[in-house]
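Take these sequences, add in the hints, and give me the full structure.
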Amino acid sequence: MPLLRKGRRGTVAESLWLYGRLVSQSIRAQLQYRLSFTLTAFGGFVTSVVEAVGIWALFERFGSLGQWTLPQVAFLYGLVNCAFPISEALARGFDVFGKEFVKTGNFDRLLLRPRSTVLQLAGHEFQLQRIGRLSQGLAVLAWAIWMLDIDWNIGKVLLLLFTLISGVVFFYALFIFQATISFWTTESLEMMNTLTYGGVETAQYPLAIYRGWFRGFFTYVVPLGCISYFPSLAILGIADPLGSSLIFQVCAPLAGYGFFAVALLGWSLGIRHYTSTGS
Amino acid sequence: MLGPYPAIIAVRFKMLLQYRAAAWAGFSTQLFWGFIKVMVFAAFFASSSLAQPMTFAQVLVYIWLGQALLALLPWNVDQEIAEQIRGGGVAYELLRPLDLYSYWFARTLAFRAAPTALRMLPMVVFTLLVLPLIGLEEWALPPPESLASGAWFLVSVLGMLALSTAFTMIMHICLMWTISGEGINRMMPGIVPVFSGLIIPLPLFPDWLQPILYWQPFRGMADVPFRIYSGHIPVTEVLPEILNQWLWFGVLVGFGYWLLNRARRNLVIQGG
Chain E
900 MPLLRKGRRG
910 TVAESLWLYG
920 RLVSQSIRAQ
930 LQYRLSFTLT
940 AFGGFVTSVV
950 EAVGIWALFE
960 RFGSLGQWTL
970 PQVAFLYGLV
980 NCAFPISEAL
990 ARGFDVFGKE
1000 FVKTGNFDRL
1010 LLRPRSTVLQ
1020 LAGHEFQLQR
1030 IGRLSQGLAV
1040 LAWAIWMLDI
1050 DWNIGKVLLL
1060 LFTLISGVVF
1070 FYALFIFQAT
1080 ISFWTTESLE
1090 MMNTLTYGGV
1100 ETAQYPLAIY
1110 RGWFRGFFTY
1120 VVPLGCISYF
1130 PSLAILGIAD
1140 PLGSSLIFQV
1150 CAPLAGYGFF
1160 AVALLGWSLG
1170 IRHYTSTGS
Chain F
30 MLGPYPAIIA
40 VRFKMLLQYR
50 AAAWAGFSTQ
60 LFWGFIKVMV
70 FAAFFASSSL
80 AQPMTFAQVL
90 VYIWLGQALL
100 ALLPWNVDQE
110 IAEQIRGGGV
120 AYELLRPLDL
130 YSYWFARTLA
140 FRAAPTALRM
150 LPMVVFTLLV
160 LPLIGLEEWA
170 LPPPESLASG
180 AWFLVSVLGM
190 LALSTAFTMI
200 MHICLMWTIS
210 GEGINRMMPG
220 IVPVFSGLII
230 PLPLFPDWLQ
240 PILYWQPFRG
250 MADVPFRIYS
260 GHIPVTEVLP
270 EILNQWLWFG
280 VLVGFGYWLL
290 NRARRNLVIQ
300 GG
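Chains E and F are the protein sequences, given in the same order.
Note that my numbering numbers the first sequence so that position 132 is 1031, with each residue one more than the last.
Note that my numbering numbers the second sequence so that position 269 is 298, with each residue one more than the last.
For the record, the hints were derived by calculation from the structure and aren't laboratory data.
Heads up, the beta-carbon is just placed ideally off N, CA and C, and yes, glycines get one too.
Heads up, a few of these hints could be off.
[What the hints assert, rightly or not] Among chain E residues calculated to face chain F with C-beta under 10 Å, some are:
| hint | residue |
| --- | --- |
| 1 | L921 |
| 2 | S947 |
| 3 | I954 |
| 4 | F958 |
| 5 | E999 |
| 6 | T1003 |
| 7 | K1055 |
| 8 | V1056 |
| 9 | T1093 |
| 10 | Q1103 |
| 11 | Y1104 |
| 12 | R1110 |
[What the hints assert, rightly or not] Derived Cβ-Cβ restraints for the label pairs, each shown as a range:
| hint | chain 1 | residue 1 | chain 2 | residue 2 | range |
| --- | --- | --- | --- | --- | --- |
| 13 | E | V952 | F | L127 | 38 to 46 Å |
| 14 | F | E109 | E | A1160 | 40 to 48 Å |
| 15 | E | A1041 | F | P126 | 54 to 62 Å |
| 16 | E | L930 | F | A120 | 26 to 34 Å |
| 17 | F | Q239 | E | F1061 | 38 to 46 Å |
| 18 | F | E109 | E | I1053 | 40 to 48 Å |
| 19 | E | A1160 | F | L162 | 38 to 46 Å |
Structure, rendered in structure tokens:
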């Protein structure tokens, strides 16, 4: 068993294999409580449907949002509501890190194991129940694409996939930031919800409707717009009222990966700062 | 006549007031949410020149009061009561020489009121007084339409508290049917915000939906008080709305009592 080889941190392939094992274990554990799982997933579905109903009602009432139509906004909505639940499912270990690892002192146990803390936390739990919200996001995205007359080509398909994955990576990075902060504060901060859940809410609407400082923050500090608004303009073929160029729109999702790299850097700084709460 | 219940409310209230740090974090989070909503609505209002069922100022009232009174809405349960039901502690509760519904009602009232009491004032002060000072007057919470509107608003907040507590009680009682109860409670963060008006103000929903939105209890938990404050419900029409709140309160309490009696018959105490 390569797993038992002593004194090695493990290759990338081995880490991936181990991650796969952790995820499949987690999924099997969750499916033991089938009714509870179904109800939770369905609850997530209902909660997100309700938000979509709100947007629909506003369009019924006001007709349009500036230049934007309902299917166009539904596209933005679908995009972010696919990326976020996938991230939530994958990053659960980081999401609960403050409460379940730092406050309790359980993080010490992770540090003693001969694998990286990121790998162990990533494999902590795979939240299958997020499928409820994801399926709703996918349905809205599919409806938007069906309603919109998009001039599809291979480049646009790739850009859509690239944007989705960047979105997952971006939100994952936010969860890592949230976990890193708890090295200092012990508790997970409710304030981080403004960036995760608040980010989802923000990205459901075109960035152009917000004030300058708000847009700047969500483009250059927390690059939320780069994984939703800007690439969507390129896919939908809309000229940006903010004046961004096509090349910027296509490359913007890269910012998600840069953000992730910064998050990992912060994480390693945080670990160095860590002092156990346990005895 | 009220017996020990006011004391139960007071003790729980004091305990819950300890969580001040959480209240501050909640304040900034809700402020941020409020800003997003304000900008979204401003953009929608700018897109249409048609007369809407509500003015932008009335929507501002709706948004900021919604943020201020968010904790009052029945979207979650008291984890301590949930734990009693899950862990079998409810057996001890049944042994007390108190009416279980009234005892839990008193606890639930404090559970709903205490976090709100902490969060409401800073939010109202900030959005009413501070926002205009820092140059964001077009986003600020407008003052009540009139003195009478303000006074009636406070009266309707009482109805809101009563309604919300009665509904939270039903959620607590549902937990006695363990799994299905939890399932029902998981739906509430989805259902309550829409029907109370927190997602978007109820008058902005399509006209054909208005009759449905009128005949449901959640309206009294946000829509009614907020519209009384902004004068969208004029002072002359306030009384029936307040009566409506208390009528629904009666229905919810009656249903809760009935449900609790049924639950007690099926109750299985876990643990030995």
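Checked hints:
no.: 1; hint: L921; result: 26 Å, violated
no.: 2; hint: S947; result: 8 Å, holds
no.: 3; hint: I954; result: 9 Å, holds
no.: 4; hint: F958; result: 9 Å, holds
no.: 5; hint: E999; result: 16 Å, violated
no.: 6; hint: T1003; result: 18 Å, violated
no.: 7; hint: K1055; result: 27 Å, violated
no.: 8; hint: V1056; result: 30 Å, violated
no.: 9; hint: T1093; result: 4 Å, holds
no.: 10; hint: Q1103; result: 9 Å, holds
no.: 11; hint: Y1104; result: 6 Å, holds
no.: 12; hint: R1110; result: 6 Å, holds
no.: 13; hint: E:V952 / F:L127: 38 to 46 Å; result: 42 Å, holds
no.: 14; hint: F:E109 / E:A1160: 40 to 48 Å; result: 43 Å, holds
no.: 15; hint: E:A1041 / F:P126: 54 to 62 Å; result: 59 Å, holds
no.: 16; hint: E:L930 / F:A120: 26 to 34 Å; result: 32 Å, holds
no.: 17; hint: F:Q239 / E:F1061: 38 to 46 Å; result: 44 Å, holds
no.: 18; hint: F:E109 / E:I1053: 40 to 48 Å; result: 57 Å, violated
no.: 19; hint: E:A1160 / F:L162: 38 to 46 Å; result: 40 Å, holds
Checked against the numbered hints above, the structure violates hints 1, 5, 6, 7, 8, 18; every other hint is satisfied.
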